[in-house]
Amino acid sequence: MRRIEIVLGELERLTRGLCLADLAQETAFTAEAIGFNLGLARNSVSKDLNQLWNDGLAIKSRGRPVYFLASPGAGNVAGTSAGRV
Numbered sequence: 001m002r003r004i005e006i007v008l009g010e011l012e013r014l015t016r017g018l019c020l021a022d023l024a025q026e027t028a029f030t031a032e033a034i035g036f037n038l039g040l041a042r043n044s045v046s047k048d049l050n051q052l053w054n055d056g057l058a059i060k061s062r063g064r065p066v067y068f069l070a071s072p073g074a075g076n077v078a079g080t081s082a083g084r085v
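Counting along the sequence shown from 1, when you hit position 4 you're at 4 in this note's numbering, and nothing is skipped either side.
What the hints contain is simulated information worked out from the structure, not anything from laboratory work. Built from N, CA and C at the ideal position, the CB exists for glycine as well. Keep in mind that a hint or two might mislead.
Cut-off 25 Å, straight-line C-alpha distance, at most; resulting in silico cross-link-like pairs (DMTMM-like, lysine to aspartate or glutamate) [to be verified]:
{"no.": "1", "residue 1": "LYS47", "residue 2": "GLU5"}
{"no.": "2", "residue 1": "LYS47", "residue 2": "GLU10"}
{"no.": "3", "residue 1": "LYS47", "residue 2": "GLU32"}
{"no.": "4", "residue 1": "LYS47", "residue 2": "GLU12"}
{"no.": "5", "residue 1": "LYS60", "residue 2": "GLU10"}
{"no.": "6", "residue 1": "LYS60", "residue 2": "GLU32"}
{"no.": "7", "residue 1": "LYS60", "residue 2": "GLU12"}
{"no.": "8", "residue 1": "LYS60", "residue 2": "GLU5"}
Pair by pair, the computed Cβ-Cβ distance ranges are [what the hints assert, rightly or not]:
{"no.": "9", "residue 1": "PRO72", "residue 2": "ASN43", "range": "26 to 32 Å"}
{"no.": "10", "residue 1": "GLY9", "residue 2": "ASN43", "range": "15 to 21 Å"}
{"no.": "11", "residue 1": "PRO72", "residue 2": "ILE6", "range": "28 to 34 Å"}
Construct all of the structure, not just a fragment, from the sequences and the given hints.
Right under this line is the structure:
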């Protein structure tokens, strides 16, 4: 399994665990947090998350720190849409 697939799997797992109250508190995940969970370097995870965002599989926040969420259809590659929060 490629690293980007592992990162996507972790992002989907973390996003599935969110509830509406978490979203109201603007809870999302940084490359650092995902890298820590997976034992990977932050810069490598950041590169993969940005690629997932470019591919429409992740939602990316503006500003710093940058937060990511899995796109609603990330599990189904066809027909997904993502944007900036």
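Do the hints match the structure? See the list:
1. LYS47 x GLU5: The given pair, whose Cα atoms are some 13 Å apart, holds under the 25 Å limit.
2. LYS47 x GLU10: holds, 15 Å
3. LYS47 x GLU32: Distance ~12 Å between LYS47 and GLU32 Cα, so the pair holds.
4. LYS47 x GLU12: holds, 17 Å
5. LYS60 x GLU10: holds, 15 Å
6. LYS60 x GLU32: Judged against 25 Å, a Cα distance of about 14 Å means the pair holds.
7. LYS60 x GLU12: holds, 14 Å
8. LYS60 x GLU5: Holds - the C-alpha atoms of GLU5 and LYS60 are around 17 Å apart, at most 25 Å.
9. PRO72 x ASN43: 26 to 32 Å: holds, 27 Å
10. GLY9 x ASN43: 15 to 21 Å: Given range 15 to 21 Å: holds, Cβ gap about 19 Å.
11. PRO72 x ILE6: 28 to 34 Å: violated, 21 Å
Comparing the model with each earlier hint shows a violation of hint 11 alone; every other hint is respected.
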